[in-house]
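Protein chains: 2
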Amino acid sequence: MAKVKKQPRPKAVTPKGFRDYFGAEVSDRAAMLSKIAGVYHRYGFDALESSAVETVEALGKFLPDVDRPNEGVFAWQDEDDAWVALRYDLTAPLARVYAQHRNDLPLPYRRYAMGPVWRNEKPGPGRYRQFYQCDADTVGAASVAADAEICAMLSDVLEDVGIPRGDYIVRVNNRKVLNGVLECMGLSDDGQRDAVLRTIDKFDKVGEAGVRELLGKGRLDASGAYIDGVGLSVEQAEPVLAFLTSKGADAAATLTKLRAAIGESLIGAEGVDELRQIADLLVAQGYGPDRIVIDPSVVRGLGYYTGPVFEAELTFEILDEKGRKRQFGSVAGGGRYDDLVKRFTGQEVPATGVSIGVDRLLAALREKGRIQSVESGPVVVTVMDRDRMADYQAMVAELRAAGIRAEVYLGNPKNFGNQLKYADKRNSPVAVIEGGDEKAQGVVQIKDLILGKQMAENATLEEWKERPSQYEVARGDLVAKVREILEQQ
Amino acid sequence: MAKVKKQPRPKAVTPKGFRDYFGAEVSDRAAMLSKIAGVYHRYGFDALESSAVETVEALGKFLPDVDRPNEGVFAWQDEDDAWVALRYDLTAPLARVYAQHRNDLPLPYRRYAMGPVWRNEKPGPGRYRQFYQCDADTVGAASVAADAEICAMLSDVLEDVGIPRGDYIVRVNNRKVLNGVLECMGLSDDGQRDAVLRTIDKFDKVGEAGVRELLGKGRLDASGAYIDGVGLSVEQAEPVLAFLTSKGADAAATLTKLRAAIGESLIGAEGVDELRQIADLLVAQGYGPDRIVIDPSVVRGLGYYTGPVFEAELTFEILDEKGRKRQFGSVAGGGRYDDLVKRFTGQEVPATGVSIGVDRLLAALREKGRIQSVESGPVVVTVMDRDRMADYQAMVAELRAAGIRAEVYLGNPKNFGNQLKYADKRNSPVAVIEGGDEKAQGVVQIKDLILGKQMAENATLEEWKERPSQYEVARGDLVAKVREILEQQ
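Respectively, the protein sequence lines represent chains F and D. Just so you know, the first sequence maps onto residues 1 to 489 in full-length UniProt numbering. Just so you know, the second sequence maps onto residues 1 to 489 in full-length UniProt numbering.
Since the hints were derived computationally from the structure, they do not count as laboratory data. Treat the hints with care, as some may be off.
Treat identical chains as interchangeable: a pair holds within one or across any two.
With a Cα cut of at most 25 Å, we get these calculated SDA-like pairs of lysine to any residue [as the list claims (entries may be wrong)]: (1) K35 / F22; (2) K122 / W83; (3) K325 / R198; (4) K257 / V13; (5) K11 / H101; (6) K439 / F22; (7) K11 / R119; (8) K368 / F316; (9) K414 / L105; (10) K414 / Y226; (11) K368 / D167; (12) K247 / F316.
Start from the sequences, fold in the hints, and give me the full structure.
Written as structure tokens, this is what we have:
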């Protein structure tokens, strides 16, 4: 017989850029998504779950070349050789869903969606190829009341998941105001206009002085490299800087400055008026500048949007990986985009929406100690006598029936130390022990593992004597005693 | 200038075999998953969410050929030309996760997982390429106490999601008993053994008489085609039939019959003893034969498993698409599989688990009217005067603050009829109207849309007069009146 070539063992690894989530990482996220869904639902939004796989044609933005369809999405060919891909966000699928089902959907269509999206991008630290998004969008509402409402909803979401007022701010801007500014600058060509837009995008990073230099002759950056500027005169650059720095003491002051920055531009005036309407609507609903502000320095993603844009930022400071203080930063963003559905139907359908970065928001809550990062484990009923498994199972059945998380140790029970090590690894609050003697006497031993751990760390001998962390109770009192200990922990 | 070729519009369609889920379809499933997670958690299982994408090597079962990696999974090559694929179930990823993280995980490792899986199979009616699974598994526990526990948990899950006792049954069998039966039959070769296994798999479909024919000379099937049999003698076939039909009046009776069916086989005796232990453990926890039974006719998927297997079946009758009565059937299944981790590490790790078909379970609850299939929509505040949007937004802000789902109509308000049509399409319970006159008088009109619909269908003129479905209340009583109507509905 020919020798059979042995297959090498497969490697147990996630593909590059992917990861697994364990225990509290999963349940905390599920709890947060459920809270966010609750707010979205209260605002009248309906759930939508579209398929994870879309035709590349419908996704649109990323078109694969024939050999390697690798431009940002994970794509492959189906049995008819048509390219399909994993969705890279929840907005492109919404446009497809709306176009496909528009005759059956209400108008306006308000939907929320939550789930993983996939990006075929270079992974990095904390940057994965699969992550969660959590969006709400209103399709078919031209009124800026829809935008104002989404800002109010975003504020409610942040407070509902545990970010107190004062620790966040929702900032609102309008792409039309920027268009107005560009219009009144009288730029000579499209290339110059694009260069100005790219420079504005750097405002977050380089600040006012940096943008001033970059719009003019250029700038020596931190690495020592010289970055060529757009080449505008000081006068030409002025409207952009006036726009970016026009945040005033209140909405009225900001709007006055913006009106000056846009000069005679009609589109600019429309943008400023929309911002005024949004501010008025928010005040009428009780959302003051402690929660939502007009802020022209919100520039991120302006290119994608056609009207109002908004961003939620957490304002408290955290320490970064190098121990330096920095603001936590953006956790959600969105705005108005009016031509996504048009790709499919030819009809322009106004739409506005928001996307919440759930994983960043969870990280923020952990950072602030608002959610426990370690989950409490089950009560562990240890196995002293393998033949009495039925007795131990009866105990956990009683505990579970009382709503208490509990399990019998199901590993090899020979080494009792391993059972307690298991309980420790699970972060169990209580262990239950019933050996032959206890069984004969009709009692069980109940160990308070949390107290035991505290005592082991720093208790004096007297405290050890005074505060026993192990109790002997009648078998019939098992559930009552465990509950008592859990309530005290 | 050359004429620019216009791109044709993309088609707004889901890829073949995929679908979208709307509103209650999504939120009902989320609610069910949350309930199931609650039971799993109470039993001491921890959440795990592995990545949707795995290396094809790790998935193992389906290996793509080079040209068309189409054998059951959706696969593609990553930037290093390695094949990766969407997971086709939650068990293969569990084996990979356990092998990868085994030094950090507790032993036994009890985990639950829920989420979509993908199959590259021919879609059919009600058969999609993406669907949900909801699994719980215990890795590293050799004791059948782990299997018994999963059966008990499955029973709890079904009752927690709304299937009352009596409407379901969990059936338990053991692959080892079947192996014992095959052993004592003294089959001449592996080919014959495989043929017997394939025949047993048809028991669900063809019943005892059918299996008898198929084990012997052959059988004329319903379509008129003659199916060749395995060619066993009547005596040789007897143990298989004894095994399949050995369900007795109670567990003890069934076990006695099984002991007869396995003759002198040691593996068979081990299997019967495991079933006895499982039955004893379940009785000790209070799970009687009204919930969980030993049933040797459970054959589905036996090939995959190495020990105990279980299946949950809904026992009530429904009408199929042709109006015929049939039992709803299986909604969950699982069992012991002891060599999945071995592929990676070389070490055999015992494991047992269950997978719940969430979508089928939801369908069953809808069928029985236990969950509403249409979700209640939001209270709709209509827009009578576009310039008073702030007033209307203030109303919904009050309603939402009181926990009432509400929204302002954000479409074009010109045609009032469209606003009521919208409320109807959303299945809204209440509409609120405040025109100029109402504003001047400090009142609002509140329409009970559910009562209105009922009246429109079948009310007499007297009833119309007696039971108005529209109320005029002071603006300050808006929230109280809406709440009153909602509570009555």
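Hint check results:
{"no.": "1", "hint": "K35 / F22", "result": "both (20 Å within a copy, 19 Å between copies)"}
{"no.": "2", "hint": "K122 / W83", "result": "both (22 Å within a copy, 17 Å between copies)"}
{"no.": "3", "hint": "K325 / R198", "result": "neither (28 Å within a copy, 67 Å between copies)"}
{"no.": "4", "hint": "K257 / V13", "result": "neither (56 Å within a copy, 47 Å between copies)"}
{"no.": "5", "hint": "K11 / H101", "result": "between (44 Å within a copy, 12 Å between copies)"}
{"no.": "6", "hint": "K439 / F22", "result": "neither (37 Å within a copy, 55 Å between copies)"}
{"no.": "7", "hint": "K11 / R119", "result": "both (24 Å within a copy, 23 Å between copies)"}
{"no.": "8", "hint": "K368 / F316", "result": "within (9 Å within a copy, 51 Å between copies)"}
{"no.": "9", "hint": "K414 / L105", "result": "between (62 Å within a copy, 20 Å between copies)"}
{"no.": "10", "hint": "K414 / Y226", "result": "neither (70 Å within a copy, 57 Å between copies)"}
{"no.": "11", "hint": "K368 / D167", "result": "within (11 Å within a copy, 48 Å between copies)"}
{"no.": "12", "hint": "K247 / F316", "result": "within (20 Å within a copy, 66 Å between copies)"}
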